[in-house]
Every structure is written in C-alpha cells, then in structure tokens.
Amino acid sequence: MTQAASLPHPSPRKLLLMRVRGHRGLLIGGVIVLFALILALAAPWIAPHDPYAQDLSRRLLPPVWDPRGSFEHLFGTDALGRDYLSRMIYGARVSLLIGVCAAVGSGLIGTTLGLIAGYYGGRVDAFVTFFVSVRLAMPVVLVALAVVSLFGGSLWIVVSVLGLLLWDRFAVVVRSATMQLRGQEFVIAARAMGASTPRILLVELLPNLVGPLVVVASLEVAHAILLESALSFLGLGVQPPTPSWGLMVSEGKGMVFFDARLIALPGAAIAILVLGINLIGDGLRDVLTPEGRS
Amino acid sequence: MSVLSLRGLTVTIQTPTGPFEAVRGVDLNVARGETVGIVGESGSGKSVTSLAIMRLLSPRVTVDATEMRLGDIDLRTLSERRMADLRGDRMAMIFQEPMTALNPVLTVGRQLTETWLRHRATGKREATERAVDLLDRVGIPRARARMNVYPHQLSGGLRQRVMIAMALLCDPDLLIADEPTTALDVTVQAQILDLLAGLQQERGLAMVFISHDIGVVARIAQRVQVMHGGRTVDAGPVGDLLTRPQHAYTRALLSAVPRRGMRWGRERLGAVEWSGDDEVTS
Numbered sequence: 001m002t003q004a005a006s007l008p009h010p011s012p013r014k015l016l017l018m019r020v021r022g023h024r025g026l027l028i029g030g031v032i033v034l035f036a037l038i039l040a041l042a043a044p045w046i047a048p049h050d051p052y053a054q055d056l057s058r059r060l061l062p063p064v065w066d067p068r069g070s071f072e073h074l075f076g077t078d079a080l081g082r083d084y085l086s087r088m089i090y091g092a093r094v095s096l097l098i099g100v101c102a103a104v105g106s107g108l109i110g111t112t113l114g115l116i117a118g119y120y121g122g123r124v125d126a127f128v129t130f131f132v133s134v135r136l137a138m139p140v141v142l143v144a145l146a147v148v149s150l151f152g153g154s155l156w157i158v159v160s161v162l163g164l165l166l167w168d169r170f171a172v173v174v175r176s177a178t179m180q181l182r183g184q185e186f187v188i189a190a191r192a193m194g195a196s197t198p199r200i201l202l203v204e205l206l207p208n209l210v211g212p213l214v215v216v217a218s219l220e221v222a223h224a225i226l227l228e229s230a231l232s233f234l235g236l237g238v239q240p241p242t243p244s245w246g247l248m249v250s251e252g253k254g255m256v257f258f259d260a261r262l263i264a265l266p267g268a269a270i271a272i273l274v275l276g277i278n279l280i281g282d283g284l285r286d287v288l289t290p291e292g293r294s
Numbered sequence: 295m296s297v298l299s300l301r302g303l304t305v306t307i308q309t310p311t312g313p314f315e316a317v318r319g320v321d322l323n324v325a326r327g328e329t330v331g332i333v334g335e336s337g338s339g340k341s342v343t344s345l346a347i348m349r350l351l352s353p354r355v356t357v358d359a360t361e362m363r364l365g366d367i368d369l370r371t372l373s374e375r376r377m378a379d380l381r382g383d384r385m386a387m388i389f390q391e392p393m394t395a396l397n398p399v400l401t402v403g404r405q406l407t408e409t410w411l412r413h414r415a416t417g418k419r420e421a422t423e424r425a426v427d428l429l430d431r432v433g434i435p436r437a438r439a440r441m442n443v444y445p446h447q448l449s450g451g452l453r454q455r456v457m458i459a460m461a462l463l464c465d466p467d468l469l470i471a472d473e474p475t476t477a478l479d480v481t482v483q484a485q486i487l488d489l490l491a492g493l494q495q496e497r498g499l500a501m502v503f504i505s506h507d508i509g510v511v512a513r514i515a516q517r518v519q520v521m522h523g524g525r526t527v528d529a530g531p532v533g534d535l536l537t538r539p540q541h542a543y544t545r546a547l548l549s550a551v552p553r554r555g556m557r558w559g560r561e562r563l564g565a566v567e568w569s570g571d572d573e574v575t576s
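Same order as they appear, the protein sequences are chains A and B. 1 is the number of the first residue of the first sequence in this note's numbering; add one for each residue after it. 295 is the number of the first residue of the second sequence in this note's numbering; add one for each residue after it.
So that you can see chain A by itself, here it is in the shape it has in the complex (with noise of 0.2 Å):
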C-alpha cells in the first residue's frame, strides 16, 4: 500500500481517524460514553436538585410520563424524597471515576508485571504466570465483602480493591504481547545504539502495546463499573448516602412491585454505560489492529 518516496500519504493519525469514522459501533459508544462524561463532569450544573436533600414529605412522586408526574422531578423522587434524576447524573460520577480509576490501577500493575514476564522469560516469566493464577483464583466479590468488612465501605476502599484485582487480563495481554515484540530486530538495533533495558522496555516496547492496551482498558473500566454496581447492590460498595447506579437498585429493589422505576432507570443506565463502553472497546479492536490491514 504504501509507496516509496510519496510523502503526501496520510499520516497514521489521519488514516486512524478515518477508520474510526468509518466504524459504527465505535461512533455509537463513544457517543454514549461522551454523553455520560459531560453529565458526571458538569453534574453540579445540569443536576436539577440536590441528590442529598431529602424531603420525607414529597417521597416516591411519581416520574413526569406519569399522569401525576410534574417537570419539577423529571425522574420522581425516590423514598426519602431525593431527586431521583439529579441522584441518577450524580451516579454516572461514582460509575466513571470507579470504572477509570480501577482501570489505571489495574493498568500500572499488570502492564509492568507484562513486560517484565515478557522481555525476561524464564524464571521471572514462571513466577508472573503463577501469580496471575493466584489472582485469578481469588474471587473478586469475596475479597471486597472480607476488604469491606475489615476497613469499612467507601469509594476509595472500592477503587482500591477493584485496581489491585483486575490487572491479570493487562499482565496476560501485555505479556504475550512484548514475547512477540522481543525477538524483533528492532529490540536488539536499540540495544546497538547503546539503549539500556528499562529504555527498551518503556520507550522501544511500550508503545507499540498502546493499542492493545488501549482495548483491555475500555473493556476493564466496563468490567470495574459493573462490579461496582454488583458491590454496592449487595452493601459492600459505595454507602449511602452516595448516589451510586448500583446502591440506588439495591435501595429500590423493596419497592419493584410499587415503582418498577426506582430499579429500571439505574438498571437501564448501568447497561447502557458498560454497552457503550464495551463498544468502544471493539471497536478501538478493529480500528487499532493495523495487522493483516497492511
């Protein structure tokens, strides 16, 4: 494809951008994903009440397509009288930040663990792998309930377990990843020109796993969010008073044969985050991989 001395030939940022254009599904996540990012980052201005101020006395209205409904609470309010809308755009913070911040945790750890397993081989190849079995036969839920109720639930407790848990599918990718790379002549032309290991494996190695990364963390930050939502239905994620997508089904979850609502709206927001993330995570798959496209 690519001619000798034609030097108008697109750049890669532009064929890259061409691609992603190109890809639908990639359109429609990354439009939700916007979408829910605008909302958690301008959360104070769009929200249109306070997601903490109860008023016991205007619990459980009904939503605006109610016939009782009123604009007032788009979405209702829930049982202590809170907005549910304002609740639900304060709950798409909790979900990225969780899901972002797991993912980068994660990401340092099993990217490192990775390329150390992957450029030395060996030894220090078997004792990775066996520590990827180990964490791989740690069940993350157990974890967090003995992590919980040893240091109490919080945001932060949640970020932490959830960013020292998901890092095997990084340390798996990663690692198969730079033994390929390693045998390339490129690795040992670096190492003529005087590169030392750690410059091998950060500037020569590294970016050449950006677009593998690139899909493993779109889809973990889905997985952390929806294990976020599994934790704190079960009481062991964020507390209340937090609005967070998944506390709020588990708040409503006594109340599904009175007000399927309480449940469907978190539930459905929940689903269409992750798909949307998940999305974006194929599709960075098919647009990243220039492999077989030469």
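If you are wondering where the hints come from, they were derived from the structure by calculation, not from laboratory data. Computed from a predicted model, the values in this text were never measured in an experiment. We treat Cβ as the ideally placed atom computed from N, Cα and C, and that holds for glycine. Any given hint could be a false lead.
If you want a taste of the chain A side facing chain B, the calculated C-beta under 8 Å gives, among others [to be verified]:
| no. | residue |
| --- | --- |
| 1 | F186 |
| 2 | I188 |
| 3 | A195 |
| 4 | S196 |
| 5 | P207 |
Place chain B on chain A using the hints.
Okay, now just chain B, sitting in the frame of chain A:
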C-alpha cells in the same frame, strides 16, 4: 593501530544436547579506514561473531577471547553500563532487515534524536539538526520532512539509509554491517554499497562487512575472511582470495558464483557441500 583487535574468539551456546561452539578461535583486526569482509554460508558464525563484538549475545551464551579490544578499551572486562555507553557511540551496527530493525511506531526523527541524546548531552534542537544533517548525508531527499515519517512509509532502500544514518550519528570508530544489502533488490543494493564505501572513506571508519555474497564483499572490502563452521578457513586481501583461493572451501564458494561466459547446460555451478560435521574436508 587497529580499531578492532580480536584474537581467539570462541562462542559457546548451551543447547539441550550439550555445549555447541558456534565460533571457535576467530581472529579479526580492522584498522582505521579499512573494510574487512566476512563471508560464509548460513550458520558459519558470521553474525554471532559480530554480536559477540557488540556484546549483544544473551548472557547464557559464553564468549571467550584472548583479546577483544576497541582501540585501547578491553571489551571483555567492561561493565555492561560502560558497554552500553560505547554502543551507538564508538561502535555501531547495521542490520539485515531494514523492515524490522526500525521501531514501527516511532517516527524516524524520534529514533534518530533519541540515539543522539542517549550519547550526547545536548538540547533537542541540536539533536534534530544533527539527525537532519545525517539523513541528508545518506542521500535521503527532503530530509527535514522525512523526520516526521514512520518507517512503514519508507521504501526498503530508504529505510536502510535511515539505519545507516542512525549508526553514523555519533561518528563511531567501528561500524559492523551485518548483511546490510541482503534484503534489498539489486539496484538499491549497489546504491547502498556505494554509499557505505563513500561514507567509510570520508570518515575513516573501520568497517566489518558481513555477507554471504562473495561478489558484494569483493566490491567493498579490502581484506576478506572466509568463515565456515565457526572458523576462519581463509583470509587475505580480496584480490588474492578471488584469484588464488588457498582453501578448498573458498574454491567451492567461488565455484558457486555464476561466471560470465558460462555455457548453459554444459557447465554446472558448484555446490558447497555441508559436511554435516563442522570440520571442512580439504
């Protein structure tokens, strides 16, 4: 004084079936401004020799030599850190595959300036100037624009020129070219050979030129060593070796090269016997 003095180089690789000596007692001396060619078939130990000089072999491979010096630096006892300082600065290497020897995700300019900044404490601007200058010198048109290009956007010949520019960036004393033209087509091959010969004359480089192609080596080298089974089987000035090969293996190699005026069907090209054993029967 020679830039590279190597005596009695022995490289032993541990294999599941026991130790294997890939190189056994090779001597190599290269003076300033001189090109020494190393010729041999696959597995003769040419590349292992060059990697041993650069100390780029895996630590599991044992390298022994009675002498291994770059100028007056003893390469055998140098710490890994000091060795890394020498690589790319005092001694550089060009590889066979320009497709894979450049990092695919970094721009050409980035790779060049990184190498320069690794060895010289200068600012980024000076590194860029130096890189553009070198790209220009190795005959890359529109060098400044090419700094922002990724390796896959260049042809094989241009990529090999970039490799040469990178190797010469810090003005090394010794340049090891490991089959630098093998992956290129014939016309480009001739250009790269001329370029290397010119740069070598201009800078008074000591060059080790490794190839399996005796014709290519004859064009560029003043002296040739023929390697087979990890040993130097024949050595001498390039003219003598081609016209009066001393060793049976060299004669066999030469007979495998087509000559002008060979008659189709009447004469056969010689085949180089692989004795299975690493001893050469002469």
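Hints versus structure:
1. F186: holds (5 Å)
2. I188: Hint holds; I188(A) Cβ to chain B Cβ min 6 Å, cut 8 Å.
3. A195: holds (7 Å)
4. S196: holds (6 Å)
5. P207: holds (5 Å)
Checked against the numbered hints listed earlier, the structure breaks none of them; every hint is satisfied.
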